[in-house]
Amino acid sequence: MDFSPLWLSLRVALLATLITFCLGLLAARLVAGMRRAKGLVDGLFTLPLVLPPTVVGFFLLVIFGKNGFIGQMLAQIGAPVVFTWQGAVIASMVVSFPLMYRTARGAFEQMDQNLLAAGRTLGMSEWRLFYKVMLPNSIPSIMAGTVLAFARALGEFGATIMLAGNIPGKTQTVSVAIYTAVQAGNWDLAYEWMGIIVSISFVTIVLMNAWGRYGTRYRRETEKEWH
Amino acid sequence: MALTVDIEKKLNGFRLKSAFEAGDETLAILGASGCGKSLTLKCIAGVEKPDRGYIELDGRVLFDSKRDIDLPARKRGVGYLFQDYALVPNMTVEENIGCGISRDRDKEAEIREKIDAFYLEGLEKKYPSQLSGGQKQRVAIARMLASRPNMIMLDEPFSALDSFLKWQLEQEILSLQERFRGSILFVSHNRDEVYRLCDRVVVMEDGATQEVLGKREMFADPKTLSATLLSGCKNISAAKKTGEHSLFAKDWNTSLETTARVPDDLAYVGFRAHFFEVAEKAGANTVECEVTRVVEDMFSIIVMARAAGSLETNARAYLRWELGKEQWARLNEPKKLLLRMPAHQLILMK
Amino acid sequence: MMKKSILITVALLLVFTLAACSAPQAVEETAQTADAVTSEPAVTESPSAEKVQLTIAAAASLTDVTAEIAEAYKAAAPDVELTFTYASSGNLQTQIEEGAPVDIFMSAAQKQMNALEDEKLLADGTRSDLLENKVVLIVPADSALDITGFEDLATDKVSTVALGDPASVPAGQYAEEVLTSLQILDKVKEKANYGSDVRQVLTWVESGNVDCGVVYATDAATSDTVKVICEAPEGSVKAIVYPVAVLEQSANKEAAMQFIDFMKTDEIAAIFEKYGFKIA
Chain Y
0 MDFSPLWLSL
10 RVALLATLIT
20 FCLGLLAARL
30 VAGMRRAKGL
40 VDGLFTLPLV
50 LPPTVVGFFL
60 LVIFGKNGFI
70 GQMLAQIGAP
80 VVFTWQGAVI
90 ASMVVSFPLM
100 YRTARGAFEQ
110 MDQNLLAAGR
120 TLGMSEWRLF
130 YKVMLPNSIP
140 SIMAGTVLAF
150 ARALGEFGAT
160 IMLAGNIPGK
170 TQTVSVAIYT
180 AVQAGNWDLA
190 YEWMGIIVSI
200 SFVTIVLMNA
210 WGRYGTRYRR
220 ETEKEWH
Chain G
0 MALTVDIEKK
10 LNGFRLKSAF
20 EAGDETLAIL
30 GASGCGKSLT
40 LKCIAGVEKP
50 DRGYIELDGR
60 VLFDSKRDID
70 LPARKRGVGY
80 LFQDYALVPN
90 MTVEENIGCG
100 ISRDRDKEAE
110 IREKIDAFYL
120 EGLEKKYPSQ
130 LSGGQKQRVA
140 IARMLASRPN
150 MIMLDEPFSA
160 LDSFLKWQLE
170 QEILSLQERF
180 RGSILFVSHN
190 RDEVYRLCDR
200 VVVMEDGATQ
210 EVLGKREMFA
220 DPKTLSATLL
230 SGCKNISAAK
240 KTGEHSLFAK
250 DWNTSLETTA
260 RVPDDLAYVG
270 FRAHFFEVAE
280 KAGANTVECE
290 VTRVVEDMFS
300 IIVMARAAGS
310 LETNARAYLR
320 WELGKEQWAR
330 LNEPKKLLLR
340 MPAHQLILMK
Chain U
0 MMKKSILITV
10 ALLLVFTLAA
20 CSAPQAVEET
30 AQTADAVTSE
40 PAVTESPSAE
50 KVQLTIAAAA
60 SLTDVTAEIA
70 EAYKAAAPDV
80 ELTFTYASSG
90 NLQTQIEEGA
100 PVDIFMSAAQ
110 KQMNALEDEK
120 LLADGTRSDL
130 LENKVVLIVP
140 ADSALDITGF
150 EDLATDKVST
160 VALGDPASVP
170 AGQYAEEVLT
180 SLQILDKVKE
190 KANYGSDVRQ
200 VLTWVESGNV
210 DCGVVYATDA
220 ATSDTVKVIC
230 EAPEGSVKAI
240 VYPVAVLEQS
250 ANKEAAMQFI
260 DFMKTDEIAA
270 IFEKYGFKIA
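Protein chains in written order, with numbering that gives the first Met the number 0: chain Y, 0 to 226; chain G, 0 to 349; chain U, 0 to 279.
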């Protein structure tokens with residue numbers, strides 16, 4: 000069995016999740032602190048969740064394709080993304096972003112506002128507050144958001160095939176490989192891939208939950224509970 | 000060390016109108032829950048933004064809606080002690096205290112100094128969830144002082160505490176007052192704490208501040224109904240002027256004489272529970288009452304009595320008298336009482 | 000408030016890191032487009048002086064057969080490297096319209112090829128009909144229903160029919176043509192389950208969730224859990240032709256035409272027939 004879709008999927012999903020993690024947190028912080036135009040920006044960030052993935056893929060193709068604004072810029076520096084694994088990363092990142100963003104934003108807005116107020120009166124900068132107070136106190140939600148984002152990125156199909164194509168060995172991720180196997184009537188192969196992807200997801204989710212527990216260890220009353 | 004506040008804010012149908020000045024003293028904001036005390040503090044700290052107004056501290060303008068000045072909270076130098084202390088749960092005691100210390104100072108030395116000053120040795124690496132209530136208090140105060148504020152605000156610090164912790168905190172605050180040069184704003188709804196800890200008082204009702212008064216002055220002559228209630232006076236009756244020095248208390252069904260001049264727009268009269276005297280015979284300012292309930296407090300007796308002729312269904316008709324246990328014992332559990340209300344102790348309100 | 004500059008900086012950093020990752024690969028891996036050729040002919044020639052890259056966008060139903068053909072071509076033209084990408088004909092059309100780097104388009108229907116021709120995206124004189132497919136009526140292998148032809152779809156013998164969505168699936172369009180010529184389209188529409196691609200239709204029939212379905216002969220050939228009742232009657236549907244063409248944007252038109260000619264040889268015709276296709 001050709002395992003290239005597996006390595007490709009892992010590479011794409013991990014990189015996409017990493018980017019979504021950073022951008023999602025920043026976007027959540029931005030929107031949580033907004034007063035005007037909050038609904039508008041929120042709607043924009045949540046859009047990829049609402050649209051069918053093929054439509055998202057279409058929009059990405061228009062933007063990043065040869066005729067698109069960003070596509071032309073990228074072509075200038077010799078880095079087109081259509082039909083490349085980087086395109087798959089972009090597709091996965093865009094569809095998983097709303098999940099990370101919304102979960103994180105919910106956590107930030109439900110935080111004890113007094114904590115933030117206290118920090119501000121003590122002279123802490125907004126950046127320090129974000130990094131030292133908001134993030135550590137939202138770890139369960141952030142973990143949940145990351146798991147959701149990773150799962151979505153790993154299973155992403157519709158937008159990926161639009162932007163990155165379905166090139167065996169180059170842009171055929173596991174989800175696309177399953178689709179292709181089904182198209183060819185090759186059910187055995189499809190089931191094998193499904194088994195692999197379920198195992199990976201399971202292991203990843205268990206690891207992320209463990210990390211989440213470690214991150215909130217200060218909440219335990221006694222040291223015994225840290226284990 | 001002067002604080003000037005004059006702000007307005009509309010919030011969900013609630014209108015805040017706070018105006019007062021404070022010098023190098025402890026000023027209490029006394030008011031019932033929900034009257035806008037905390038909101039005022041938050042506006043001064045820069046955590047909430049008033050719609051209109053002016054805030055100045057030590058000659059620095061913190062907020063001026065006319066000139067579009069709104070200093071961010073971290074630049075105002077206002078220390079704020081929250082009701083629940085707001086210690087950062089994921090930081091140790093050391094780190095919490097260090098929050099307010101900027102990098103250009105000797106962080107370690109200053110934290111050490113605060114740990115010593117507040118008897119927190121051995122707790123440096125502990126997290127807030129591992130501390131007792133009293134320890135949390137001290138960490139919160141230490142943290143606030145470490146940020147070197149120009150002014151300190153205490154938001155109902157005693158509300159959620161048991162009596163021993165209250166006593167501890169009071170001592171902390173008393174020593175804080177000795178150490179700290181600057182205004183201290185103290186928000187509370189409890190008149191006893193206010194009386195013990197503050198120099199002057201400003202009463203707040205329904206979002207609006209009233210006149211700033213010295214504490215003795217305020218308790219002796221509260222002037223408004225809300226101030227009187229807040230000052231802990233429990234006997235209040237609707238009243239009508241009947242002469243330059245006389246009035247009729249409707250709820251008590253009694254005519255009373257006063258030493259102070261009765262204002263034309265008199266609406267209420269009040270009398271403190273401790274000032275009743277037992278009268279030998281009927282005369283000026285005496286009231287015939289029937290004892291309805293006797294409650295034993297730790298160190299005193301509370302007697303509820305209804306003035307003769309007043310309505311049974313009217314809660315304000317019941318007079319509350321507080322006296323020592325021996326004094327009550329000497330009276331031999333009477334069913335009827337003849338009480339006198341000395342004229343100079345009557346509180347007149349518009 | 001939040002230092003927005005940091006937000007923007009981080010975002011830009013990430014975007015450019017991403018782009019930078021692809022820069023070294025872009026030159027070698029993706030098919031050369033006309034732009035690249037005009038700007039840096041020297042650079043692109045040396046690393047790929049040995050191999051010509053051809054990217055072929057092929058309809059999903061051609062997945063397995065093209066894999067075999069690609070193997071055969073390795074022997075015939077060792078200096079040519081073939082890269083296939085598979086999707087529905089509609090998706091491929093959109094990708095090509097948006098400038099995806101494709102040299103050859105193998106569509107499962109004329110509609111998509113016509114659209115590209117109208118948009119002047121095809122290289123002149125390179126379009127031709129490559130394969131023919133047939134539309135067949137299938138039932139689950141263990142079906143006990145007494146169905147003998149398309150006409151039975153309008154009777155009470157059949158309660159559910161799986162068809163491709165005529166709006167986007169060519170197999171669905173062909174099915175509608177057959178039904179229209181038999182004048183039973185309206186009756187059948189009431190019982191129709193529409194699939195988003197022909198594989199889905201096949202799966203529904205295989206699993207017995209519908210009484211019958213209309214798919215390509217090639218799809219039916221891959222499955223041993225359906226049985227073919229019959230082909231579409233003569234004249235009920237115009238020939239299902241799989242056209243092929245070279246795209247105007249291709250930088251390797253000659254090599255592309257050579258591959259197309261290769262696919263029309265007898266040797267390859269045999270491979271196509273093995274998978275259920277007929278040569279056009």
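Simulated from the structure, these hints should not be mistaken for laboratory data.
We put the beta carbon where it would ideally sit given N, CA and C, even for glycine.
Careful: at least some of the hints might be erroneous.
Computed, partial: chain Y to chain G, Cβ under 7 Å [what the hints assert, rightly or not]:
#: 1; residue: G67
#: 2; residue: Q71
#: 3; residue: M110
#: 4; residue: R119
#: 5; residue: T120
#: 6; residue: V132
#: 7; residue: G211
#: 8; residue: Y217
So, going through the hints one by one against the coordinates:
1. Interface hint status for G67 of chain Y: violated, as the beta-carbon distance to the closest one in chain G is roughly 40 Å, over 7 Å.
2. Interface hint at Q71 of chain Y: violated, since its Cβ lies 41 Å from the closest Cβ of chain G, which is beyond the 7 Å cut-off.
3. Annotation: M110 of chain Y was flagged as interfacial toward chain G, and the flag is violated, the nearest CB pair being 11 Å apart, outside 7 Å.
4. A cut of 7 Å between beta carbons decides the hint on R119 of chain Y: the least distance to chain G is about 4 Å, and the hint holds.
5. Restraint check, T120 of chain Y versus chain G: the minimum CB separation of about 4 Å is within 7 Å; hint holds.
6. Taking 7 Å as the C-beta cut-off, the interface hint given for V132 of chain Y holds, the closest approach to chain G being about 6 Å.
7. A hinted interface residue such as G211 of chain Y counts as satisfied when its beta carbon comes closer than 7 Å to some beta carbon of chain G; here the least separation is about 13 Å, so the hint is violated.
8. Among the interface hints, the one on Y217 of chain Y holds; its C-beta lies about 5 Å from the nearest C-beta in chain G, closer than the 7 Å criterion.
Hint compliance for this structure: hints 1, 2, 3, 7 are broken, all remaining hints hold.
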